[in-house]
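**Q** Each chain, letter by letter, is given below.
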Amino acid sequence: MEPIEETDETVGTAPAAPPALQAVGLGKTYPNGTRAVSGVDLSVPRGEIRAIVGQNGAGKSTLMKLLYGLEQPSAGQLGVHGRRVRFAGPQDAIALGVGMVHQNLMLVPSFTVAENVVLGVEPGRAGRVDRAAAVERTAALAEQSGLAVDPEARVDAVSVGMRQRAEILKALHRGARILILDEPTAVLTPQETTDLFTAIRRLRDAGMTVLFISHKLKEVREISDRVTVMRAGSVIDTVRTEESTPAQLASMMVGREMSLDVPRHPARPGANTLRVRELSGPAVHGVSLDIAAGEIVGLAGVEGNGQTELVELLAGLRRPTAGTVTVDDTDVTHLDAAGHRRAGVAHVPEDRLTNGAALDRSIADNLIVDRHDRPPVARRGILRTRRIRELAEDLISRYAIRAPHPDAAAGALSGGNLQKVVVARELSAEPRLLLAAQLTRGVDIGAMHFMYERLVEARDAGAAVLLVSADLGELLALSDRLLVIKDGRLVARFDDPAELTEETTGLYMLGVERHPDERITAGVR
Amino acid sequence: MGSVLDVVLSTAFFAAILGVSTPYVLAALGGLLAERAGVPNIALEGSMLSAACAGALVAGYSGSVWAGAVCGIAAGSLLALLLGVLHLYLGADAIIAGIGLNLLAAGATSYTVFALLGDKGGTSRLHSGALPSLRLPLIEDIPGVGAVLSGQNVLTWAALAATPVVAWLLYRTRFGFHLRAVGEHPEAARSVGIHVHRVQFRALALSGALAGAAGVFLSMGAVSFFVTGMTAGRGYIALAAVFLGALRPWGVFLAALGFGTAEALAVQLGNLDVPGQLVSAIPYVFTLLALAFFAWRRRRASRTDAAPAPLTGPPVLESP
Amino acid sequence: MTSTMEPAAEQRELPETRDRREFLATRRRTVAVELTMTVLTVAVAVLIAFLVVLATGKDAGGALDALLTGPLERTPRIGRWLADATTLSLLGLSVAIPFRARQISLGAEGQVYAGALASALVAINLHLPPVAAVLVPLGAAALAGGALGAVPGVMKARLGANEIVATLMLNAVVVRVFDYLLTDHLKAPGSSAVQSAPVRPDSALPLLSNFFEVPLDQANIGLFGMLAVAAAVWFLLARTPLGYRIRVTGSNPDFARYGGLDVPRTIEWSFVIGGALAGLAGAHLALGIYGGLQPDMAGGLAFEGIVVALLGRNNPVGVVAAALLYSYLRVGGDVMEQQTDVGSDAVTIIQAVIVLLVTARALPELVKRYLARREAR
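Respectively, the protein sequence lines represent chains U, H and V.
Sequential numbering of the first sequence, starting at 1, is according to my numbering.
Sequential numbering of the second sequence, starting at 1001, is according to my numbering.
Sequential numbering of the third sequence, starting at 2001, is according to my numbering.
No wet-lab data here; the hints were simulated from the structure.
Even for Gly, the Cβ is constructed at its ideal location relative to N, Cα and C.
Some hints here could point you the wrong way.
[As the list claims (entries may be wrong)] The calculated DSBU-like cross-link candidates involving lysine-lysine, where the alpha carbons are at most 30 Å apart (straight line), are: (1) H/K1120 <-> V/K2368; (2) U/K486 <-> U/K218; (3) U/K486 <-> U/K216; (4) V/K2187 <-> H/K1120.
[What the hints assert, rightly or not] Covered stretches of chain H, as calculated for chain U (at least 3 residues, CB under 8 Å): (5) 1033-1040; (6) 1142-1152; (7) 1220-1234.
With the sequences and hints as input, model every part of the structure.
**A** Below is the structure:
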């Protein structure tokens, strides 16, 4: 292994000790052309706690996978303790002392904590497993590192916090000197988070280098020494935590070079179509809002703050635990998806591949799912194939969907075209309420503008539109009103977002600022 | 009714239960290992049949029952390995491949017997012999228990021993650990360097061997010849025992014993002119009800949001 | 509504029509490729069996000849072929429908016996006018099979219970009940054999031999009934809303739910319809082939139905074709056994190998890659 080339990124390291982890020009392009990470330079000195922040799709997770050997880089070099390395898989990374705690914990549910910790390197002779030794070793490690666990408890019966500590112990058991944590506090209670941070500091004091990905600026400021901000697959900058302000970080995370311009008339909202009162469910807590016919309300928020669940609740795909939802005087709170559609709700789902389309069915089949048993598609219990074909061809032409034939499989379409199919279906139902989640995810530029125009069209035709997006530029360009969601609650409301900037919105998304409840629920009775 | 009770509560009946349950226990334990490793082995029936046939033929031609037993077990194991190749390497659906292999075993065994012996019914012309029964000199004098335990076939003892051995294997050895990890959360296993497919192949080999032992018992234990189709669906019943036993060795043992009891009962009652078929249907009805009950309970639990964040990992009893 | 993109109509014609033509051509080619692959699979399976027979020192050539041409040599054999294929087609269709909805129903065995029982009971005991004497037992069979299918259907749809175990258990129960009823209550008086009284002549399905004046064994009008049923199944799947729901649920149940389809109800119906079809297969056995009830009437047909559905890609036309193929092979196998010293079980081997080859999806890819590597060298 040759020494890794030096870059400018050696900030504040003692000349004698090489950085624990280094990346030079690291890049990853997937076979389908997606460039997840490009030109990343990273240098993490030994004993530092480094936070990696950025929006979804910024490349943080991919970078972590590259650092752990779960993916191989398509460009650039990796270095551990000053020596260049190539990881063929996680085993190589583990062998060099890199340990990772994934967001989706890699624990076997029916095994105890100790059994999970020693999995793959179980103590014992002649093929037997010495469980007592496993428990002993786990307890010793736990004591040493300050990570309290019950070694003999079954992992599916303990708290999430303990499960996470078990994962960390797993890495420690394999001699990790560099620990990578992916969104470690996402599922922890405040108390568990404090405990985790205490443990991390203790580990650091014993010589561990820690990298962790996070969305939560407050925590980043609490525990990290330095912060690396990523955006659109590249590193924007690395700053000392104590020298940076939240505003600076937010601006680095969400700033955008080009602005979107969507020509549209000012909204002329009518009566309230959607009325949500104190809606609660998994990940959603007491949300109240109104959307009037003829307006687009945007919902901004860092992914994972309840917007996915909120949309599913409003679409009838999830059951609320409390609260009510009314669409045009119809109480749809406890209705299923079919009931919501009957009430005039249309839904462009955020993951079209999972539930927005049936990939091995034809485009025509995909276009009629919400009207397959009604005229004109079906009459007297029989599907009218000619009418279906006409309908499909009409929609294909109106929405400029590039497809050879209505019978072509939906799965053969490109991302943008498939999304057009979904949008065509939902909009052609002439909905009263349109829920659009990640409307332009995975869609090329040309199709994006097309979608925006159709959205505004639907609004002008009288639909109430809820637009959920991780793309702030899109939200600011399209929304007549803007709401911000964090931790399942509405934390901001802008009735006139014309002068709003992405940086400001970012502050609310990240919890740095918040509107008072009266402002958020003004007019909502 | 009196005579029925006489029969049921006799030591001969209990002895019969152990004998009749032997193939179920062995095959079900085999099914358990495969299922816990994440590869549903529907081909238990085929492994049993192949083993029964191979065992009888080899024993008959070689003159050694032990050679027959070994070859039978090997045949069962090979069939399961074939399932592994089809499912893990060739992308075959495990269930369809399992059914296909059962069909293959049925055809191949009948064909071979007919080709070698010219008899469509089985190998009765061939004197293949049977594996020895064990007389236990001191124990057989104990009233009651003695008559039940003494005189059982060596494979019956193997079946009784197999349950604690399988339990030990699963819960106390590295192989068992890896097997369970692979079956419950292959990602987690892979992330610590365990070769998932390798483990699954080994599990299948063992699974087939156990089913093979069950088959060997049929043609070289209970009787001493092979009859075409003699497994008569026991492999599928063993599968049900795996689920009924909640995928745990002792549970599976009890479930298999239950099915064995029902079969023994059916035979005895048949001798007494009582409709044995209805009685022998009871364990299946019971399994059906248990299936519904557990599924209902699972549905109810998932409706409440009180559970902590779910671990990623496929629950093993879930329907495909 | 004006679209912002509206190039002149003529300009859009050419590339669009070209893509469309290419798509249709590819689709035809794909069907041809699939068909070729299936024929190839059968050929390979027959070849393997041929080699096995050769290895056991038998007259492989003569066996192959008897197998492939035997069924056509005499009309009763043709009749047996058609009769067998009728039952097998119905069983294949009964499995294909739940399969389309992504449900693995192994319940055909129990449903066949239930159907046979129901139709025989009606046919033996009820005195009905001529046409009703056939239709009512058929209806009873469909009802019995459908009701039986509803059990695992509801268990799966509403409780998420494993339908494989459920159907296997139900099979075991129904088979035993059938055995019991046949042995203890339905045995024909005055006969030593275990079988029921024969069905009334009016209920027996009219033999084709009578129409064509040529001996055709047990082939009966059930054949045309089966073809009608196959057409009905095709119509159901392709042209009705329920069929649409079945297809979409099978393709992506999450999408189905999102789109407002009643997924549990769809699953239930797929099991019920499948059960009804298997029941009809049982009626065909009872009223057409055996003219009564026999122990072990269905033999291994139920599992063969699963295999036929797989081979026919769960498509009514494919299923019927596959059933004809399998039954042809089976009759050929019997001829082969009569005329040569090769056992008819060689046919079972062929059938099994076909299943394994078809389900090994990765195999064609591997073969292609292997050939490509050989060429590169």
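**Q** Mind checking the alpha carbons of V/K2187 and H/K1120 for me, to see if they're no more than 30 Å apart?
**A** holds (28 Å)
**Q** With a Cβ-Cβ cutoff of 8 Å, does the stretch 1033-1040 of chain H contain at least three residues near chain U?
**A** With 0 residues closer than 8 Å to chain U, the stretch 1033-1040 of chain H misses the three-residue bar; violated.
**Q** For the pair we were handed, U/K486 and U/K218, check the Cα-Cα distance against 30 Å.
**A** holds (13 Å)
**Q** Please count how many residues of the stretch 1220-1234 of chain H have a CB within 8 Å of a CB from chain U and say whether that reaches 3.
**A** violated (count 0)
**Q** Quick check: the stretch 1142-1152 of chain H, covered by chain U? Criterion 3+ residues, Cβ under 8 Å.
**A** This one is violated; 0 residues, fewer than the three required, reach chain U with a Cβ under 8 Å.
**Q** Mind checking the alpha carbons of H/K1120 and V/K2368 for me, to see if they're no more than 30 Å apart?
**A** Violated, at roughly 41 Å.
**Q** Does U/K486 pair with U/K216 here, judged by a C-alpha cut-off of 30 Å?
**A** holds (11 Å)
In this structure, the hints that do not hold are numbers 1, 5, 6, 7, in rising order.
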